[in-house]
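**Q** Sequence:
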Amino acid sequence: MFCSGPMFSQRADKLWEFPATVVSCFLVRVQRGALPYDVFKEEEKAGIGVIIRNCHGMVMASLSQKISLPQTVVEMETLAATRALEFSLELGFSKAILEGDSETVIKALQDGSPSLAPFGLLLIRDAQEAANFFTCISYVHVRRNGNYVAHNLARYARHITGFSVWMEDVPFQTLAAYQADLLIS
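Taking the UniProt record's numbering, I'd label the letters of the sequence shown as residues 1 to 185.
For the record, the hints were derived by calculation from the structure and aren't laboratory data.
Warning: the hint list may mix true and false statements.
[Said to hold, decoys possible] Just the calculated beta-carbon pair ranges, DEER-fashion:
id	residue 1	residue 2	range
1	Leu69	Trp166	22 to 30 Å
2	Phe163	Phe133	16 to 24 Å
3	Phe163	Asn54	27 to 35 Å
4	Gly112	Leu183	17 to 25 Å
5	Leu89	Ser164	15 to 23 Å
[Said to hold, decoys possible] Simulated crosslink set (SDA-like; lysine to any residue; CA at most 25 Å straight-line):
id	residue 1	residue 2
6	Lys45	Gln173
7	Lys107	Phe93
8	Lys41	Thr161
9	Lys95	Thr161
10	Lys41	Ile67
11	Lys95	Asp126
12	Lys95	Gln110
A quick note: this is a predicted structure, and the numbers were derived from the prediction, not measured.
The beta-carbon is built from N, C-alpha and C at its ideal position, and this holds for glycine as well.
Please take these sequences and the hints and turn them into a complete structure.
**A** Printed below as a string of structure tokens:
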């Protein structure tokens, strides 16, 4: 695989599809829980969902995590991207494509510059520092409907304390979304 540094692209498709030009990388899909039912206002918490897939679309790992409710949606998006990168590194992945539905955060990571000071200069630096540990990292902006499994993982965080990880699996409550995504891809 050729990777000369951070890359950025945008996909508008609805369903998961591994980019044809990438070989031997893992797709890390992230979703922050920014919809009303993903932000658990009564608890002042929010949910993050991460799914890592191989080039065949098979899940390598997934994560649901409940976090303290950030001040802004963009802060939440940045925290979610950072957690996805950290999770990938914790599992030993050194090459990845980070997909997320926040174009602002994806572009900031791709640019490599701390241009997002209004929503947290330190937060974006944390994500950039995590990205530096990858031998190959690229960034893809997807629309929310193209991030459905990660979205369901973020919603599932309501039912856990802290975080839960599944290796080569997703929680039962998100299995239907994952299977539908695989069948249609």
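**Q** If a hint holds in the structure, say so; if it does not, say that too.
**A** Comparing the hints with the structure gives:
no.: 1; hint: Leu69 / Trp166: 22 to 30 Å; in the structure: 24 Å, holds
no.: 2; hint: Phe163 / Phe133: 16 to 24 Å; in the structure: 20 Å, holds
no.: 3; hint: Phe163 / Asn54: 27 to 35 Å; in the structure: 22 Å, violated
no.: 4; hint: Gly112 / Leu183: 17 to 25 Å; in the structure: 37 Å, violated
no.: 5; hint: Leu89 / Ser164: 15 to 23 Å; in the structure: 18 Å, holds
no.: 6; hint: Lys45 / Gln173; in the structure: 20 Å, holds
no.: 7; hint: Lys107 / Phe93; in the structure: 22 Å, holds
no.: 8; hint: Lys41 / Thr161; in the structure: 15 Å, holds
no.: 9; hint: Lys95 / Thr161; in the structure: 30 Å, violated
no.: 10; hint: Lys41 / Ile67; in the structure: 12 Å, holds
no.: 11; hint: Lys95 / Asp126; in the structure: 18 Å, holds
no.: 12; hint: Lys95 / Gln110; in the structure: 15 Å, holds
Of the numbered hints given earlier, the model fails hints 3, 4, 9; all others are met.
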